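Chemist: Chain residues, written in single-letter form:
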Amino acid sequence: MKSLNFSRWFPSGRTTVIGVPFLFLFVFFLLPFLLVVGISFSQQQLGIPPYTPLTKMEDDVFTLVLNIGHYKFMLGDDLYFATYISSVQMAFVSTVLCLLIGYPMAYYIARASESARDTLMMMVMLPFWTSYLIRVYAWIGILKNDGFLNQFLMWLGVIDTPLRLYHTNWGVYIGMVFSYLPFMIMPLYAHLVKMDLRLLEAAYDLGARPWKAFVQVTLPLSKNGIIAGSLLVFIPAVGEYVIPELLGGSDTLMIGRVMWDEFFNNMDWPMAATVTCAMVLLLLVPMALFQHYQAKVMEEVK
Amino acid sequence: MSTMKPSKPLSYAVLGFGYAFLYLPIALLIIYSFNESKLVTVWSGFSTKWYWALLEDDELINAALLSIKIALMTATAAVVIGTWAGFVMARLNRFRLFPLFAGMINAPLVIPEVIQGISLLLLFVAMEQAFGWPEGRGVFTIWIGHVMLCVSYVAIVVQSRVRELNRSLEEAAMDLGARPLKVFFVITLPLISQALVSGWLLSFTLSLDDLVLTAFLSGPGSTTLPMVIFSRVRLGLNPEMNALATLFIIVVSVGVVAGNLYMRSVQRKRDREMQLAFNQA
Amino acid sequence: MKKKLVKKVLCSLLLLLPSAGVLAEDKVLNVYNWSDYIAKSTIPGFEKQTGVKVKYDVYDSDDTLQAKMMTGRAGYDIVVPTSNFMAKQIEAGIYQKLDKSKIPNLANLDKALMAKIQDADPGNAHGVPWAYGTDGLGYNFTKVKAILGKDTPLDSWDILFDPKYVSKLKGCGVSVLDQANDVFAVTLHHLGKDPNSKNPADYQAAFELLKKIRPYITQFNSSGYINDLANGDICLALGWSGDVNIAKHRAAEAKRTYQLGYVIPKSGAPIWFDVMVIPKDAPHVDAALKWINYIENPEVNAAITDEVFYPTANAAARKFVKPEIANDPSIYPPESVMKTLFLLKPLPSDIMRLQNRLWTQLKTGR
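Chains D, S and X are the protein sequences, given in the same order.
Sequential numbering of the first sequence, starting at 655, is according to the numbering used here.
Sequential numbering of the second sequence, starting at 43, is according to the numbering used here.
Sequential numbering of the third sequence, starting at 596, is according to the numbering used here.
It is worth saying that the hints were derived from the structure and are not from the lab.
Take these hints with a grain of salt, some might be off.
Said to hold, decoys possible - Listed below are the simulated SDA-like cross-link pairs for lysine to any residue, each with C-alpha atoms no more than 25 Å apart in a straight line:
id, chain 1, residue 1, chain 2, residue 2
1, X, Lys648, X, Ala796
2, D, Lys726, X, Ala796
3, S, Lys50, D, Gly861
4, D, Lys710, X, Ala687
Model, not experiment: these values are computed from the prediction.
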């Protein structure tokens with residue numbers, strides 16, 4: 655009866671209710687993408703806008719010109735290829751580092767007393783609320799040649815000459831792990847905290863060593879948390895711009911930076927669009943994974 | 043049972059290291075904002091002069107005011123649209139294009155901002171070529187961009203809250219003859235108000251903090267705080283930036299901690315009342 | 596045919612709409628200029644004199660400016676591109692001709708210098724120079740002399756381009772401008788080729804030379820090197836004249852013990868002009884003209900040079916400039932040096948592309 659009631663009054667209103675947010679997302683999210691795809695087939699020109707139109711209407715003849723030169727150039731060019739590889743590699747290393755630091759933290763937070771848990775989680779989230787730029791900035795003072803870290807290590811006598819960290823890939827890794835750590839801890843914690851402890855107990859009762867119990871029980875149970883956290887770190891990290899720009903060196907190859915440069919420095923919008931398309935393609939698989947996982951979470955809530 | 047407890051020393055070591063990693067840079071930042079010297083890494087005495095310098099920095103103050111204005115606009119709009127979209131996700135998810143809809147909600151969570159920035163800018167440029175609107179870029183285009191950035195977060199927070207809702211209240215109201223729209227505003231909305239508040243706050247911070255999208259979508263006179271900070275940080279360390287960062291961190295920390303405590307007390311009160319109601323029944 | 600007519604009428608109607616607003620006195624002016632390039636008193640003075648409110652934004656590379664302009668309707672009334680970039684942008688038709696009758700202070704400008712930018716802007720129809728400067732070597736004299744010895748001549752590009760020297764300086768830091776244009780021009784010049792060459796092979800040759808010294812370059816940077824030089828993080832910089840002098844000034848302020856300085860190599864160096872122009876779609880043309888006229892007021896102009904260490908083409912302003920700056924040959928190149936300087940010229944787009952390409956390759960060390 656109830657559900658029938660619902661469906662009786664919705665049909666007229668229903669379309670509007672769904673249509674408005676749908677349209678909004680379509681116009682400001684999907685449509686821009688289609689435009690990017692379109693512009694990747696046009697040509698650079700000096701003028702406003704800095705690309706040639708794809709279609710022409712001349713004497714009732716409609717012509718569509720698709721320039722695939724940019725794709726050819728990108729595929730034949732080892733620099734772009736190397737940049738993609740290096741971005742993925744840097745994002746991957748950052749993700750693994752995040753996991754290595756984040757998992758034990760999430761584990762022990764989830765195992766802490768109930769009153770301590772909320773406070774500990776709040777402390778993980780707090781840096782996330784403060785400005786991202788400021789957090790990256792904080793590391794410059796630490797990593798510089800005469801920065802705190804080097805001063806401290808030299809004072810300890812561990813090193814004689816300052817370590818070069820600022821403007822190197824190491825700086826980028828540290829910055830990325832620092833900025834993305836909360837994204838890793840959150841989903842991990844969410845999974846670890848609702849884990850049924852009786853399973854572990856059973857494993858112990860059966861004589862499993864703590865390490866084995868962890869590998870055979872805890873780890874598989876937190877698998878979804880690991881996947882979610884890793885994707886939340888990996889995907890944005892591939893396209894990161896600010897961290898490599900501020901902490902990385904000029905030889906730090908990251909695709910976000912290349913896109914920024916193509917766009918702002920070389921003024922080559924069609925090329926930037928092409929690189930963007932390729933990057934979306936590259937991220938399609940992890941994004942589909944993420945989408946799949948999100949859908950699963952929704953099912954679980956139901 | 044005792045075997046269940048993780049080893050204490052190890053747990054302290056892990057958490058100690060983790061939190062030190064998260065908080066040491068911020069602590070150093072704050073300490074050195076009181077440094078007298080212009081050189082950030084060399085301590086030369088206590089001074090609050092960089093805070094006074096902030097007050098006289100018109101560029102910074104104007105940018106901060108603009109950022110706050112945009113963040114307020116963004117948070118409000120994102121909550122309206124995000125709630126709407128989240129409600130559709132939770133309740134009206136049986137239409138054919140739903141997978142596309144869900145995809146458009148989830149993708150912006152992870153998609154690199156550079157991609158979103160480029161694509162939105164191209165959209166605005168193409169729109170201007172086609173209909174002469176929007177005229178140039180500025181606060182309006184930044185606003186739209188930021189709303190796009192935040193809508194997904196709000197929608198996801200709202201939809202999970204809506205799913206948890208007990209429908210009986212809404213159905214009772216409907217049985218009593220209330221129109222659906224009225225039910226939504228009178229019953230549903232107050233029930234999910236907590237989600238709306240956290241969505242609003244999250245949007246506010248995201249917008250206040252955004253650099254990449256803003257860089258693509260800004261026009262004359264629409265230089266936001268992150269843009270000013272970024273251009274100055276590129277020039278190297280600057281004690282004034284430390285002072286600004288310190289103020290920022292203090293305001294946000296106080297806000298977040300207070301908000302958290304408040305939420306927790308509300309939650310506890312609600313739990314207690316539920317318990318009471320159960321006991322009486 | 597009919598459709599066209601309707602379109603025309605509609606267009607002219609649309610054109611009428613904004614012009615109604617323009618008739619009213621402009622109350623705002625949007626200026627987009629290089630960072631660290633203006634005196635503290637400049638804007639307040641203008642606002643007080645004219646009642647026009649200035650919105651001032653900054654950028655730190657010509658590319659950023661060009662990208663903004665080419666996106667269309669950037670909304671700025673005054674922008675300040677470097678002359679070689681300006682030439683291409685004028686070709687693209689994005690700047691308007693100046694109504695010179697509204698800028699009486701143009702009379703203060705140095706005729707010889709104005710003639711130099713005629714290449715980029717025939718008849719000086721579009722632009723009025725904001726300032727000019729040179730590319731040269733910025734040194735931490737104390738450190739460099741300690742490493743290379745007192746007798747090594749520092750007024751030569753060899754210090755940067757000969758691995759014999761530059762390899763020894765790596766330890767104390769070598770910075771190069773992150774501007775493909777400037778660096779390639781200098782390299783070509785050092786190789787004895789035309790710095791504005793249009794021959795791709797020349798660029799390959801320049802690239803080979805740059806690759807040899809790439810291992811010794813510790814950073815590519817066009818703005819942060821000012822502070823790095825001042826703080827002693829680098830000891831050699833391929834930089835801009837005024838910037839190095841700002842660094843020198845800052846180091847003195849912080850009571851640093853070392854000596855900084857700027858040197859124009861004997862064999863010659865690039866000279867460039869940053870030029871104020873008004874975009875075609877500028878919303879406040881009247882205010883923009885007032886601004887140009889105000890900037891060319893000798894005393895206003897001198898105040899800028901005093902603070903940013905860049906000379907201007909305003910001949911009347913020089914006597915108001917602080918004497919220690921006005922008499923500094925590294926800031927105002929004397930006639931004998933002026934003869935060795937060469938102007939950067941606009942390049943065809945395929946050369947630009949090649950340049951950018953090689954530049955990325957060089958920076959990433961591939």
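Chemist: Against each hint, give a clear statement of whether it holds in the structure.
Modeler: Quick rundown of the hints versus the structure:
About 50 Å separates the Cα atoms of Lys648 (chain X) and Ala796 (chain X), which puts this hinted pair outside 25 Å; it is violated. Annotation: proposed proximity of Lys726 (chain D) to Ala796 (chain X) holds, straight-line Cα distance about 23 Å (limit 25 Å). Annotation: proposed proximity of Lys50 (chain S) to Gly861 (chain D) holds, straight-line Cα distance about 22 Å (limit 25 Å). Of the pairs offered as hints, the one joining Lys710 (chain D) and Ala687 (chain X) holds, with about 21 Å between alpha carbons and a cut-off of 25 Å not exceeded.
In terms of the numbered hints stated before, the structure departs from hint 1 and from no other.
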